[in-house]
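Colleague: Following the hints, put chain Z in place on chain L, whose structure we already have.
The lines below spell out each chain.
Protein chains: 2
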Amino acid sequence: MISVVILGAGNVATHLFRVFNKTENITVKQWFNRNLKSLDHFKNSVAITNDLAALTDADIYILAVSDDAIADISGQLPFKNKLVVHTSGCVNIHDMDKKNRRGVLYPLQTFSKAAPIDFSNVPICIETLDKKDYLLLKQLALSIGSPTKRVNSDQRKVLHLAAVFVNNFTNQLYRIGHEITESESAEFDLLKPLILETAKKVQNMSPYMAQTGPAKRDDKKTIKNHLSLLENNHHKEIYNLLTDSIKLTHGRKKL
Amino acid sequence: MISVVILGAGNVATHLFRVFNKTENITVKQWFNRNLKSLDHFKNSVAITNDLAALTDADIYILAVSDDAIADISGQLPFKNKLVVHTSGCVNIHDMDKKNRRGVLYPLQTFSKAAPIDFSNVPICIETLDKKDYLLLKQLALSIGSPTKRVNSDQRKVLHLAAVFVNNFTNQLYRIGHEITESESAEFDLLKPLILETAKKVQNMSPYMAQTGPAKRDDKKTIKNHLSLLENNHHKEIYNLLTDSIKLTHGRKKL
Chain L
1 MISVVILGAG NVATHLFRVF NKTENITVKQ WFNRNLKSLD HFKNSVAITN
51 DLAALTDADI YILAVSDDAI ADISGQLPFK NKLVVHTSGC VNIHDMDKKN
101 RRGVLYPLQT FSKAAPIDFS NVPICIETLD KKDYLLLKQL ALSIGSPTKR
151 VNSDQRKVLH LAAVFVNNFT NQLYRIGHEI TESESAEFDL LKPLILETAK
201 KVQNMSPYMA QTGPAKRDDK KTIKNHLSLL ENNHHKEIYN LLTDSIKLTH
251 GRKKL
Chain Z
1 MISVVILGAG NVATHLFRVF NKTENITVKQ WFNRNLKSLD HFKNSVAITN
51 DLAALTDADI YILAVSDDAI ADISGQLPFK NKLVVHTSGC VNIHDMDKKN
101 RRGVLYPLQT FSKAAPIDFS NVPICIETLD KKDYLLLKQL ALSIGSPTKR
151 VNSDQRKVLH LAAVFVNNFT NQLYRIGHEI TESESAEFDL LKPLILETAK
201 KVQNMSPYMA QTGPAKRDDK KTIKNHLSLL ENNHHKEIYN LLTDSIKLTH
251 GRKKL
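Top to bottom, those sequences are chains L and Z. Just so you know, the UniProt record's numbering puts 225 at position 225 of the first sequence, and the rest follows in order with no gaps. Just so you know, the UniProt record's numbering puts 83 at position 83 of the second sequence, and the rest follows in order with no gaps.
It should be emphasised that the hints constitute simulated quantities derived from the structure, not laboratory data. Be aware that one or more of the hints could be misleading.
The list cannot tell twin chains apart, which means a pair is met if one copy fits it or any two copies do.
With a straight-line Cα cutoff of 30 Å, these simulated DSSO-like cross-link-like pairs (lysine-lysine) come out [as the list claims (entries may be wrong)]:
| id | residue 1 | residue 2 |
| --- | --- | --- |
| 1 | K220 | K37 |
| 2 | K253 | K113 |
| 3 | K254 | K80 |
| 4 | K254 | K131 |
| 5 | K131 | K99 |
| 6 | K82 | K236 |
| 7 | K216 | K99 |
| 8 | K220 | K113 |
| 9 | K98 | K131 |
| 10 | K247 | K113 |
| 11 | K247 | K82 |
| 12 | K99 | K221 |
| 13 | K22 | K131 |
Bear in mind the structure is a predicted one, so any value in this text is a computation, not a measurement.
So that you can see chain L by itself, here it is in the shape it has in the complex (with noise of 0.2 Å):
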């Protein structure tokens, strides 16, 4: 049994603790957070508290607070020599106090509030400083159901840094989309399964392999449709920006 003390009440502890709570080898003991009443849906499955003072003894606390945050609440804790671990991609292991062993649990994937998650389907990126720690948090998110991979600190940044391309950016070109074909009255819906398709692709084949299109064949017409049609500046920004970088990147154009 390993047993657990979440602090923070976001998206991420919350799907934390559900996850948790219903995994046989984890116990959550407690579930810490400044303002009671976000946990106050949740008192009747688990101690709740909002007095750092009273921490109850666990083998691992996960720091599943803002990334300003971090720092702060680790030097408060009220005892050391215990795991104390944060879930953020881009906050430095060391920026935790190290009266307490250190590590990070960075689950690589999307968190909504209301969709439920499958933690199969999250990676989770682990930082230790110690291998025994190392192999606790291993054996907590494949509990979970969770894959695992560890992680350096530099490689956790960069996950982060990419994780920023493929989710936050690739939505807003999601949304460009939704802008350009309203602006026409066409449905927006019949881009949806391209959209899968298109994040399918790149299950099984390289991103410069699934490459099609008018930038990567250099078709010089489309490219000049294209722009006439956008009356956005900063659609049009984006799309010279972007047709450049796959001509970059496939041979059409040199820096």
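Modeller: Relative to chain L, chain Z alone:
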């Protein structure tokens, strides 16, 4: 029974032949290509020809050829008053020779040579000058299980443009994610579940609602960290432009 002649031997032509050939109420009467060798593999399943003068009678002639060849081939057809359609997202319906009835059958999906296509995931955008022709093309598309949508030229053109954003440009963001992770020997594979989840999310939620991340929160510290990690100036430019785009969309920045 709908009879069809296919012209061209690219990805779209080949996938259409395959699905038509196994559909009960569609018969492919002939397959034309300038270069007969490309059709050699299919010569036992269908009559093949490289001679436009030898084209046989059919209900629909499908010009699945490159954009630049559509006008030319349509002018060379040795018959008139037949239904002739092209499959391009951006060629004007009036670019085809008016001696025949004209239409467009634009499949809004990415086609790979190797991977089989499930046509129930291929919305087919139909444009015709004549209502009766529209009904025939709709029947053809429904026979292969595709959802259909009647669109006008302007709508088809913006759908094609939006497809470049959500498919080609998105795929290029995956490629950049690949380059960034490889630069630190991190595994691109770890990002694949996130890529798929990002695409799935907008199947039932608008991209606007689905957005998360540092740009939407205007998290200056993380944005600064990310920019300092990016060594490639071109990637930096893309990061800045898409971050600004998200900020504009979510009211964090004004034009």
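Colleague: Now, for every hint given, state plainly whether the structure supports it.
Modeller: Verification of the hints:
In this assembly of identical chains, the alpha carbons of K220 and K37 lie at most 30 Å apart only when taken from different copies (29 Å versus 58 Å within one copy). Within a single copy, K253 and K113 get their C-alpha atoms only as close as 43 Å, which misses the 30 Å cut-off; across copies the closest is 26 Å, which meets it. Taking identical chains as interchangeable, the C-alpha atoms of K254 and K80 are never at most 30 Å apart, the minima being 56 Å within one chain and 48 Å between chains. With identical chains, the CA atoms of K254 and K131 are never at most 30 Å apart, being 46 Å at best within one copy and 49 Å at best between copies.
Only within a single protomer do K131 and K99 lie at most 30 Å apart by alpha-carbon distance; the minimum there is 18 Å, versus 77 Å between protomers. With identical chains, the CA atoms of K82 and K236 are never at most 30 Å apart, being 53 Å at best within one copy and 40 Å at best between copies. When the C-alpha separation of K216 and K99 is checked against a cutoff of 30 Å, the pair qualifies neither within a copy, at 54 Å, nor between copies, at 35 Å. Taking the shortest alpha-carbon separations for K220 and K113, only the inter-copy value of 24 Å comes in at or below 30 Å, while the best intra-copy value is 44 Å.
Taking the shortest Cα distances, K98 and K131 sit within 30 Å of each other inside one copy (16 Å), while across copies they are farther apart (75 Å). Taking identical chains as interchangeable, the C-alpha atoms of K247 and K113 lie at most 30 Å apart only when they sit on different chains, with a minimum of 22 Å there against 39 Å within one chain. With identical chains, the CA atoms of K247 and K82 are never at most 30 Å apart, being 52 Å at best within one copy and 40 Å at best between copies. In this assembly of identical chains, the alpha carbons of K99 and K221 lie at most 30 Å apart only when taken from different copies (26 Å versus 64 Å within one copy).
Within a single copy, K22 and K131 get their C-alpha atoms as close as 27 Å, which meets the 30 Å cut-off; across copies the closest is 58 Å, which misses it.
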